[in-house]
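Chemist: One-letter residues, chain by chain:
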Amino acid sequence: MQYAISILLSGVSLGGQYALIAIGYTMVYGILRLINFAHGDVFMVAGLMTVYLSTFLPIYVCLPLTAVLTVLLGFVIERVAYKPLRSAPRMSVMISAIGVSYLLQNLATYITGGLPQMYPQVPGLSASVTIAGTSTKWVTIVTPFLVVALVIALTQLINHTKIGMAMRAVAKDFETSQLMGIKINNVISMTFIIGSFLAAVGSMLYFTNYQSIVPLSGALPGLRAFVAAVFGGIGSIPGAVIGAFLIGICESIIKGSDWSVFSDAFTFALLIVVLVVKPTGLFGEKVTDKV
Amino acid sequence: MLQEKKSKRGTFIALLCVAALLVLVLVLENTMRPTSMLFTVLKKGAVYAVVATSMNLLNGFTGLFSLGQAGFMLLGAYTYAILTIPVADRESVYYLYQGTIVNFSLPDLFGGADTPLGLVLGVLLALILAGCVAAAVAWLIGLPVLRLKSDYLAIATLGFGEIIRAIFQWDVLGPVTNGANALKSFPTFSSFNIENADGDVVLRLSTFVPFLLAAICIGIIVLLINSSYGRAFKAIREDEVAAEAMGINLAKHKRPSFCISSFFAGVGGGMFAMFASQAQAKTFTTAMTYEILLIVVIGGLGSISGSSIAAFLYVAASEWWLRFLDAETYIGDFKVPFLRTGFRMVVFSIIIMIVVLFFRRGLMGDKELTDLFRPRRKQKEAAK
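Chains as they are written, first to last, in numbering that gives the first Met the number 0: chain A, 0 to 290; chain B, 0 to 383.
There could be a bad hint or two in this list.
Said to hold, decoys possible - Anything over 12 Å on all C-beta distances counts as not near chain A; from chain B, calculated: (1) E161; (2) D325; (3) V355.
Stated by the list, open to error - Reference listing, derived: stretches of chain A covered by chain B, where coverage requires no fewer than 3 residues with Cβ under 8 Å from a Cβ of chain B: (4) 62-76; (5) 80-92; (6) 127-135; (7) 267-274.
None of these hints come from the bench; they were simulated from the model.
If you're wondering where the values come from, they're calculated on a predicted model, not measured in any experiment.
Quick reminder that beta carbons are idealized off the backbone N, C-alpha and C, glycines included.
Model the full assembly from the supplied sequences, consistent with the hints where possible.
Modeler: Right, dumping it as structure tokens:
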């Protein structure tokens, strides 16, 4: 029983962390129809920033500063690597995203020298707590609540503000919304800013749990979060969150069983099954192809 | 009539160039120091050229955006390795699993890896089988996956690569795949060097062999692209709906394209194992697929000669020419800033980003090398 609770707890918190990354994927895909392969690496870079900033700044300055710098990074990536390719075929943009991911990973290897970096202790989050006889970190408990709060805030933003309305319009029809006077570049930048901010928050939660950061530690969480986004129906924020929680729980169950080698394989097998059976995911809108 | 004569002459010239290149490699190899970095680059370049061309067939010519290449290479590499490790060495390779359940080896069947016949036939057959295994798996994967559209296909094939890697590292399959450990002591490119009775090398063939294999594979792909199937592939790339309306059966063309591409990726994987003289699942990561994709993009999506040239440039730049960026350098007392381990890859990825952003069509665009030598006027006529 205790074992089950500890697995469920870690699964829920892992799912919450994936959810924060998955929202970034799903929002960008909803607007640009682009799988932003660099998103997982932005998440990793956010973790590294905290590591380096915390060497000379107190942690409560360092975390907000990380969020600001990550947002800046996401904004710059969009302006430099994706904006010039706005009219290019979709494949070029995707390749550009792969290039950015490659660059970020190599840059991280260069700066860290390839050595794993230890994430600093965050007061409050890193402390231990005992629930129903299982001891865990506070971050495990905090994550789901924080995620739900952030998602509610985000849906409010999308449904009840002007920029949110613009985002929905651009996601529906890129060109028409441009004709209607929406400055799509601002909207797209805003999407990347929100996505990067959530990735930064996600990295704080994730790396408080799994403390060592290597240049590749963004790649797999990124891919799993993407699978979550597809699972929930790409373009849909509640879908991404539910998908992420499901994937997080499944992963932690498999990791706790004898089949732990297959935890990633399972995630991808799930992806292939979902894509084949219901390509639009759980909550995705049905799109009809026009000739 | 005139057109046909000219294109025949073009083929002839192309064949002549390839033959000249092969002879050049052979001469270089036997005159220069064999430890030169040049030969490592040439060998790896030849292997990557095969894989990049196979990926180009799928991504550049058929317009199917697949990211499963590393997975198919892994299948090829393991098939090749499992089939060619000499029976005598199996015990020591599989020492963790007390030997293997695959107790035969293709070179041994033809008289052992020490005899020329056994080596050539065994390796050749193993490479072909490596391709066949990859193609068979591709056929199975293709049944569900090929129905997906562009980026979904990309992510599904990427996932397939990860699944394959997990399966091959699984302990239960250890007696066949050696678990997470490397497979080794199978024939490599160096096994083809001809030695005399004293063990001195008489004729070096270790770079010539990968070149010959690469030339054959790429040649077959070129023939395929110039056939009616190749034209159908291009039509699918340009517009699926229009192609279907013109009577091209999408499934009947996408599936062969996927299988053939995987076949050559499998052969390339086998060659990669020969180059690295070991096969280990953890080398065939997603990063490898990205590398190959970047080669294809740098060479130009839809250009075979572009992919081949880019493969050599890419390998040379990343392994050889930019090597100096990794070493700390002093000019007099002045320490050149930034230079230390890892800087090479940073510079390299920036170069790649510049190519992707500003030279989107890559080195060759969708032109071939032979197009460059055609007289101008004829091109204009062709445009009409």
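Chemist: Hint by hint, say whether it matches the structure.
Modeler: Consistency of the hints with the structure:
1. E161: 5 Å, violated
2. D325: Its Cβ does come within 12 Å of chain A, the nearest being 10 Å, so this is violated.
3. V355: Given a closest Cβ separation of 5 Å, the condition is violated.
4. 62-76: violated (count 0)
5. 80-92: holds (count 7)
6. 127-135: violated (count 0)
7. 267-274: Holds: 5 residues of the segment 267-274 of chain A have a Cβ under 8 Å from chain B.
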